[in-house]
Structure formats: structure tokens, C-alpha cells
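This is what each chain is made of:
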Amino acid sequence: AQSVTQLGSHVSVSEGALVLLRCNYSSSVPPYLFWYVQYPNQGLQLLLKYTSAATLVKGINGFEAEFKKSETSFHLTKPSAHMSDAAEYFCAVSDPFREYGNKLVFGAGTILRVKS
Amino acid sequence: GAGVSQSPSNKVTEKGKDVELRCDPISGHTALYWYRQSLGQGLEFLIYFQGNSAPDKSGLPSDRFSAERTGGSVSTLTIQRTQQEDSAVYLCASSLGLADYNEQFFGPGTRLTVL
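Protein chains in written order, with the working numbering: chain D, 1 to 116; chain W, 1001 to 1115.
In short, the hints are calculated from the structure, not lab data. It is possible that some hints are incorrect.
[Said to hold, decoys possible] Simulated restraints on C-beta separations:
| id | chain 1 | residue 1 | chain 2 | residue 2 | range |
| --- | --- | --- | --- | --- | --- |
| 1 | W | G1042 | D | L18 | 24 to 34 Å |
| 2 | W | A1054 | D | L20 | 34 to 44 Å |
| 3 | D | K58 | W | L1096 | 17 to 27 Å |
| 4 | W | D1018 | D | K58 | 19 to 29 Å |
All C-beta atoms in this analysis are idealised placements derived from N, C-alpha and C, irrespective of residue type, glycine included.
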């Protein structure tokens, strides 16, 4: 079965500092990986996705993530945090061969707080 | 263009009542998903529809939960005899289907409160 672990349910950074949100996955097949962001009382918005092309993936709002197969990781980074980045972030995995169907398996989420 | 829409945005019901939650996917999207987001369980997959194929119901937590998709478009999630543990935000998502690397677009959700 596929699973996702997000280390740290809460992360706090100062405005302008590096953002690093950690995600590790478990999958028996090379997965597709996603980062979603959720602002209060809103649905999930896709930040970026890895689909077996380039291992360094750039997304919206200055975020990027690097797929590291050897570490089974897909950490999300942003060089300089902005107040508007405060939200909850979810890492998710899906199976490109659909052994597990088409569903996304989500991590528990990380709430990012940005201090002024 | 229009995104995924869900109605109602909030629903408060009494224990034991039935509720129906509606999802309008993005036009042209053949795949539709329901997820549940709750404090204790995080984001959980419930059910998935793809075109005319039989739905994947593997995530439905009990036989009180059912869903249908009429005409390959609008979907309704029905919860019968609601329980307090059904309180959660129910999220609907749609995608183009097999050609889009599983990118799913989410609606704003329906917040269900069972008293």
C-alpha cells in the first residue's frame, strides 16, 4: 500500500526565511507525487507535481520540490517566505499504474506559520 | 473557467437524519472523486468515478455512505442515518481522467456537522 509521511504538523518561519516542508513516501512502484496547499475555509490547490520527468519540480508561488528516489522523499521548499504563504500544506501520492486505483493518498498535513 | 462547485457549503443535521451533498465537476472532466477531511483522520479517499466504469467504492467507511453520478457529470454523496463521527468536510475533486497524470482539481467542500 502507498503511504505518505509529513514530518512536523506545524512549522514556523520568519518572513523572508527559507521554507522547508518534509515529505517521505512509501510505494511499491515509482509514484506520482503532489503538493497541495489549503487556505482557511477553501479547497485544495495544486502547487506542483512530479510525474517521472525532471526530478526538480517548480510550482506556483515560488515553491519547488525535489524527488529523491534514494531517500523516498519529496520535500517542498521556498527560498523566502511571505506572509501569504501561511496555510496548510499536503503531500500526496498516487499510483501511475493504477494498482491502487486513481485515488490520492495524502499525508497528515503541515501547517505553515509565517512570523513578521 | 468555472471550477468544481459543491453545495451546500455548510450543513447542520441531527443524528439519524439523511443528508445529500452535491458536486458539480469541471465541464469535460470524466473523473470525479470524493474525499473526507476530518480532524482525527486527515484527508481520506471515499469514492471515485471514471467515465462509464464501475466506481471504486473502496474508501466508503460504511454502508450508510453511497454516491451516484448522473449523466457522467453531477455527483451526489448520500449519508444515511448520520452519526456524530460523520462530521467532517467533504471534498469533491475532478480530473480529465487517464490523460492528466492524476491532477485533481478540488471544490471548496461541504462542512457537515451532525448534532
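- prompt: Checking against the hints above, which ones are violated?
  reply: 4
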